[in-house]
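> Here is what each chain is made of, one letter per residue.
There are 4 protein chains.
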Amino acid sequence: VSEPGLFDEILARGGVREAVDDRAWLRAMLSAEAALASAQAKLGLITAADAARVADACRVEHLDLAELARKGAEHANPVVPLAARLRELAGPSVHCGATSQDILDTATMLVVRDALAVILADVTGAADAAERLASEHRDTPMAGRTLLQQAAPITFGLKAARWLAALDAARQRLSAWQPVAQLGGPAGTLTGFGEHALELVELFAAELGLAAPILPWHTDRTVIGELAGALGVTAGTLGKIARDVTLLAQSEVGEVAEDAPGGSSSMPHKRNPVAAISALAAAMQAPGLVSTLLANMIQEHERAAGAWQAEWRPLRELLIACGSAAAWTRACLTGLTVHPEALSANLAALAGRSGVDLGAAGELVDRVLAGREVR
Amino acid sequence: VSEPGLFDEILARGGVREAVDDRAWLRAMLSAEAALASAQAKLGLITAADAARVADACRVEHLDLAELARKGAEHANPVVPLAARLRELAGPSVHCGATSQDILDTATMLVVRDALAVILADVTGAADAAERLASEHRDTPMAGRTLLQQAAPITFGLKAARWLAALDAARQRLSAWQPVAQLGGPAGTLTGFGEHALELVELFAAELGLAAPILPWHTDRTVIGELAGALGVTAGTLGKIARDVTLLAQSEVGEVAEDAPGGSSSMPHKRNPVAAISALAAAMQAPGLVSTLLANMIQEHERAAGAWQAEWRPLRELLIACGSAAAWTRACLTGLTVHPEALSANLAALAGRSGVDLGAAGELVDRVLAGREVR
Amino acid sequence: VSEPGLFDEILARGGVREAVDDRAWLRAMLSAEAALASAQAKLGLITAADAARVADACRVEHLDLAELARKGAEHANPVVPLAARLRELAGPSVHCGATSQDILDTATMLVVRDALAVILADVTGAADAAERLASEHRDTPMAGRTLLQQAAPITFGLKAARWLAALDAARQRLSAWQPVAQLGGPAGTLTGFGEHALELVELFAAELGLAAPILPWHTDRTVIGELAGALGVTAGTLGKIARDVTLLAQSEVGEVAEDAPGGSSSMPHKRNPVAAISALAAAMQAPGLVSTLLANMIQEHERAAGAWQAEWRPLRELLIACGSAAAWTRACLTGLTVHPEALSANLAALAGRSGVDLGAAGELVDRVLAGREVR
Amino acid sequence: VSEPGLFDEILARGGVREAVDDRAWLRAMLSAEAALASAQAKLGLITAADAARVADACRVEHLDLAELARKGAEHANPVVPLAARLRELAGPSVHCGATSQDILDTATMLVVRDALAVILADVTGAADAAERLASEHRDTPMAGRTLLQQAAPITFGLKAARWLAALDAARQRLSAWQPVAQLGGPAGTLTGFGEHALELVELFAAELGLAAPILPWHTDRTVIGELAGALGVTAGTLGKIARDVTLLAQSEVGEVAEDAPGGSSSMPHKRNPVAAISALAAAMQAPGLVSTLLANMIQEHERAAGAWQAEWRPLRELLIACGSAAAWTRACLTGLTVHPEALSANLAALAGRSGVDLGAAGELVDRVLAGREVR
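Residue numbers (the working numbering), protein chains in the order written: chain A, 1 to 375; chain B, 1 to 375; chain C, 1 to 375; chain D, 1 to 375.
Bound conformation, chain A alone (with noise of 0.2 Å):
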């Protein structure tokens, strides 16, 4: 693993930084070089051998990424270099009929599945959390508060059963969406894959895991439009939780405390609620990143001039941005404490106006429950 940067464990915690790291991305398109020769073979396009070249071609370690990086830099993307270095390891079996933007989507797909599994994980961690929260709080009366007024009395663990619900949402969200292989040629009529085009696609999604497009997909960006908008509710949904526990935390009002609280450079007495902050940090720079990718789906023709590698950095950011949220949310309720005495004495006021009738709120509650155990 490679070091942190200066604010990486503040705003690129937990690991997707990793998962989407410039190795991962390299990584990610020779597995997708190998596959499409280990595909070509299967349909005698090229032979065994030959692609058992290529898969011993396509390792990290024979490459220089700082070369592919200026090299690719001559066409606007780094699978020229790439396959040339390729081809001079392997011959002229690598890259066949293949444009680059095949291999950089279909590696993206990959890197972008690993890092969903992280964050996914973190997600699934936060929810637990919420969970326990929820079960322990089913009966622990609390101000409900409106327009950041008292407002009527509800449970902690409706709250929480609140933060449980929107998470599992999320989850499912993100678990729908899937990658889809990338595979077309120059100009996406799959030229240069012979007779049998149509089934190396499938072969060639299949080798990864992928699902196999119906059409490449090299100007319709439905696939990453569909990723930025999960992430994007993910992230909302991340950081509202975490916008409630720093209000919870507030010093005047002290219904709830994280377990590992920061301190301040000149004040000792500070119990800054770290981990909620820094997810609402995080959470924050999607819904800009969101658009970023929404806008550059207007892409031209059959490849676009720009927009195709405008998607790069944003999509890296959304990433790490999402999964910086999810693990500081899991960290955030995982150790959160909850002072019922508190609770009990911010409610008092209010219940004084308005009794404490709770409603449904137990039986939310457990239906939110109930819902998880099905699953």
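In short, the hints are calculated from the structure, not lab data.
Computed from a predicted structure; not experimentally measured.
Since no wrong hints were added, every one of them can be taken at face value.
Which copy is meant is left open, so a pair is good if it fits within one copy or across any two.
Mimicking EDC-like on lysine to aspartate or glutamate, the simulated pairs with C-alpha atoms at most 16 Å apart in a straight line are:
#1 71 to 3
#2 42 to 207
#3 270 to 74
#4 270 to 259
Starting from the structure of chain A, add chains B, C and D where the hints point.
Chains B, C and D in isolation, oriented as in the chain A frame:
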């Protein structure tokens, strides 16, 4: 139908403008109030006669929209004066146990449902036109272009099939989105609805043809975020098609023309592809609006202090933008003339260099067309 | 004044709504056409009588807005039918040598100028109220809060002085923005204006009190981008103030209250800080709109195919959002009551820990107030 | 210089990447700590010997960046462990009276200043190249294009002069932005700096060549918002130029070519305008990042709970995107070949319809060139 505003026939084209206008929203709020009373009558919480009185009161003509607007501003939502006015008309059985957000969120769902029906009709119309183009030009060769440079031959049918596949994906995504009723009472505990609260939620939702929520979702805006994402992706797809058309219609390319090109106030010879241009202008407004809706998912406690209200305008704008892009794209593709001689002429130089191997273009078109028939 | 729409008194508060409505935009287009004729008459390009006839024709009552809207859509801008109608009324001296974008961009500048005057008045009103609070509470101690935790003592005056300084900075930035006339003809060469073309641009701009451009700026949208940036910063400042007020007004903090708090449809005891909430809701809409306007700066050649039209709605929305935030913030601060006993009570625990050293708070307040007097 | 990352030579081109990297940020934080001690020594708050000891300690080689990153995450900022480490090295005279945000915001200003110098150099280089093109092609006629249709003749010089004017406007705006020191202590009252606190702020700022603030601006992010706006406008201008080049370089238009066009992994005949494409890809990332920074202006009380931390990544990304767009645009325009025969050929059909009246194109070019000389 109200008269169009100055830019509306360009930027708020089609049926969405009316589907999301103030009267539609007011009608939807009244439907929500009536449905609540009706559901409560079914459970014996109020009498059938009371419910009928509420239903009678819930007519647009009983309400002064401007007055609701003005009085609503005192409370940051128009439901407070709406409920007060309905109580004048129909007595205390109005709005029993509900909170303003229950009515407004539910109304929003009804409005969105109607707007989506319009958008879906236009996306489908655009897809039908793309299908015709794909079918007619299955074997019409043309220059494929990557990075705005001629790359390798494709067919016009393949280009249209890609549009079609993306439109159908957008359609499926929009169709899969499900509007959900909102009912929770002041702090989301269903207090005030008595022991049959959960049943009431089901009945209320069923009255309106909406899904019933597991929990009140006052500050879990997943349903809004997912809608925003789906609309953003749809706009991206429509924008991509429109961009392609503007490029193909360039004077120096001349491969397509719209059937009702626009003129200029100063250049009588101009044949501007007005439908594509207007579709693009609408589509380009979506990403920023999506980002606003996603950013506003970070909502405090049991009802947000600002972020909820902040949804209303961008949601309306986003529906209008998406609907306008869909209406124009449908018009554009339905009236699109393809110029085969220009396709050939532009292809000539490229063909000289690379031949005219069309790969599996025809089979790819067939695939997309076959996928359509199944549906 | 037209009646407010359903959400307008909440989200389109203040005078901007009228300043940017369709009639205002139509009036501005007519002013531009009249100014062009007048300037051309001064150079002898048309007769004074012709210019007078054009001026007579350029009245809102001569035009049917809905018809312009409908016919304009055939050309993707309403100036084509506007010029045609004016020629019916005043003969061929109308719109001589101009292109549609000349008139519409110039009209946009006039509309923005009027809207900014309204926004500036409300920002100034808010600043005046902040000044009063800073002055009155120069020495009123309270708890300073960082990361939503009590940190070290400050004064309410210092908090208000920070609001004031930020409002004044926004005001200065908005005031420094300069609307620029647009005049270039079909492709921006000033062809059609004869040998005195450059002089004509100066005269045209002077007629309207606008700056004259060095070059036509049909696809150089710097002036729009800078406006968007200035409005975005203003909205950010207004949103920050409103957020502070909602936090200070929390039930558990209780340090401030608005003079016209809002109620709830279900909870009579609620005292919602409606002005701050509405200001926040408006401010939160700005960033996405700014991003749309910036993204639309990428305009093709001599007139964009979509990105120009895509400016109209977001620009209007942004002005409305900013104006609404300013109007509400002004109302909020003007009617803000500070509760010294709550300030003291909340400070007590903190003061026990850290004492009440207020540092240079008073001098900092004085500085901001003194800076104001100078202006 | 560190090795480029996989996509860096495409999307993080030029000198900005290094100007904003972790070492640069760390150096800047150390400069801020040293300047504080130096300023405090000048006021006699600490001894000159102590200040010298602090200065000695403030060297990058004394710090372990990864450790700062890890420990900083416990406090949601890296200054807490930084100050602790410096105190180990230089005793208690380190960081006296400062808060973490004082150091980090000041460091950000230093980093931005350096990054802007790089961006300005590349924008200026691009402007110089545009000047050459404007001058050389002052009288070269070509087809003007509106809505991507041939409209009326212009000159290539006029097109280049418009690029030049926009670049110079961006340059001026960026140059006018002023970095401001941050110094306020825990809650912004300057407590802890003694009676000469205001003087200290001036000295601190002067040490670093920054402007001194009227007030600490911990949660008044005007300076960040204005920077974001200026960078967003710059990116818009660079993107417009790049879009124009990609369109002019189309196979069917062929009016310009880059001197180092890119190839393809599958199509040896391709001559992709890689510089323009990469510039566009960078520019398209700006609007979303600007929106994030503007949205994050809504910061709570005396230090935000998340929105401050949320600035770091998008600000860095925005500087990189803008710098990359500037570097590529400079390369693109510097190496741009104009093909006069293509200009003529494309103009022929249009000229047949509308003649070749170039209006004041030449004078407009002269104007822009003359304006440059003055500067």
